[in-house]
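With the hints as extra help, turn the sequences into a complete structure.
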Amino acid sequence: MGGDDGEHRLVVETGDGARIELVCRPGETLLAGLRRQGCRTVPVGCRSGGCGVCRVRVIAGAVVVARPMSATHVSAVARQQGHVLACCVQPDAGRFD
Amino acid sequence: MAVVDVLRPGFVQLRVMDMAQSLTHYRDRIGLDVVATGADGRVYLKADDEFDHHSIVLRPADTAGMDVCAFKVLDDAALDRLTDRLHAHGVVTQAIPAGEQLGVGRRVRFTAPTGHVFDLYADIERAPAGPMTDNPHVWRHEPRGMAPIRFDHVLLYGDDIDGAADLFTQCLGFRRVEEVETPDGTVLATFLSCSTKSHDIAFVRHAEKGKFHHCSFLLEDWNAIGRAADLMTRYEIPIDIGPTRHGISRGRTIYFFDPSGNRNEVFAGSYDHYPDHPRRVWSADQVGRAIFYYEGELNDRFMGVVT
Ligand code: FES
Ligand SMILES: [Fe+2]
Chain A
14 MGGDDGEHRL VVETGDGARI ELVCRPGETL LAGLRRQGCR TVPVGCRSGG
64 CGVCRVRVIA GAVVVARPMS ATHVSAVARQ QGHVLACCVQ PDAGRFD
Chain B
141 MAVVDVLRPG FVQLRVMDMA QSLTHYRDRI GLDVVATGAD GRVYLKADDE
191 FDHHSIVLRP ADTAGMDVCA FKVLDDAALD RLTDRLHAHG VVTQAIPAGE
241 QLGVGRRVRF TAPTGHVFDL YADIERAPAG PMTDNPHVWR HEPRGMAPIR
291 FDHVLLYGDD IDGAADLFTQ CLGFRRVEEV ETPDGTVLAT FLSCSTKSHD
341 IAFVRHAEKG KFHHCSFLLE DWNAIGRAAD LMTRYEIPID IGPTRHGISR
391 GRTIYFFDPS GNRNEVFAGS YDHYPDHPRR VWSADQVGRA IFYYEGELND
441 RFMGVVT
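Residue numbers (my numbering), protein chains in the order written: chain A, 14 to 110; chain B, 141 to 447.
Just so you know, these hints were derived from the structure itself, not from any lab. Since this is a predicted model, take the numbers as computed values, not measurements. There is no bait here: all hints are sound.
Looking from chain A toward chain B, a few residues come up when the C-beta cut is under 10 angstroms (computed):
| no. | residue |
| --- | --- |
| 1 | Gly58 |
| 2 | Arg60 |
| 3 | Ser61 |
| 4 | Val66 |
| 5 | Arg80 |
| 6 | Ser83 |
| 7 | Thr85 |
| 8 | His86 |
Heads up, the beta-carbon is just placed ideally off N, CA and C, and yes, glycines get one too.
Here you go:
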């Protein structure tokens with residue numbers, strides 16, 4: 014219940030610098046949300062946090078890391094700046110932004 | 141080539157980011173057996189029809205990819221012969237002491253011009269419950285999961301695949317079985333065999349050094365590939381492509397991903413290679429059919445998604 018019923022508004026910046034606004038469903042990865050809304054500029058690779066092709070930067074909205082992201086593609090510093098692998102993160106169910 | 145000194149790809153050590161999920165994948169879904177767990181956290185696994193101690197090693201890490209691929213050689217004298225040939229070729233080798241991996245004897249390590257690390261070794265313990273040898277049944281225990289027969293090969297991405305192919309053919313007795321070539325003779329992909337398999341290792345030209353494309357498990361036939369696809373769908377394992385067929389090697393295949401994004405393949409039904417066979421060549425404009433025979437074109441992931 015609680016915050017987990019709602020949809021979560023996020024803004025991400027893709028590799029080419031474009032900003033995309035998306036609505037993510039609870040339990041859905043950011044990558045799945047982007048695809049569901051027709052985004053084709055974030056590639057779908059391994060969907061498992063290893064290949065790095067789905068890397069984006071979260072500009073607005075809170076996410077939680079649901080599975081490990083390869084340190085080759087997201088260093089601790091990059092993570093602090095909002096970089097994530099879209100296949101590994103989900104909207105933070107406990108927060109509304 | 142007919143087997144001389146190098147017998148086969150013996151094992152591959154992969155980095156994984158979540159061991160529990162990786163074991164669910166490799167043990168329960170693919171169906172490998174866990175042989176041992178090392179004090180350093182590495183887990184050793186093997187396929188049902190392999191005699192040796194292990195063929196897959198999973199190392200806990202914060203990245204994905206391949207640490208090393210190792211080839212088993214005939215005996216200790218062969219290991220010395222091959223080491224001499226590497227030195228004569230100008231390749232620097234490093235001695236890895238016996239016991240660095242559980243059950244494995246001394247290894248000779250070198251880095252290929254593509255940046256990948258390879259080991260050669262002659263000695264490895266037998267697995268505690270390998271295939272039967274006395275009035276042998278087809279298996280000791282009925283296979284689980286995708287019923288893998290053996291670890292078959294790896295495909296690697298790197299820059300200097302010409303140098304790597306030269307090293308493997310000139311020092312280690314491999315043959316160029318099947319290749320993709322541009323009109324000016326640039327080799328884009330090379331499939332090399334040290335045995336009667338269509339390939340024991342393959343390299344694809346890629347800007348970055350040392351990348352891992354996939355490790356492959358041999359299944360019995362096309363039906364087994366179909367059942368593997370059912371398991372992948374049932375358990376939501378990310379499929380890259382397939383079931384389909386490769387033009388190169390003619391193998392039936394599915395590419396899919398482990399929980400760290402390392403690509404796996406299940407593979408069956410490729411042709412046999414003999415040393416008197418001519419090299420088979422695909423032109424670059426037919427590369428789609430060479431890789432994915434039915435689709436006739438590469439998917440977006442084939443070139444860019446590696447660990
Ligand atoms: S798709 Fe490979 S890391 Fe996200
Ligand atoms: Fe393969």
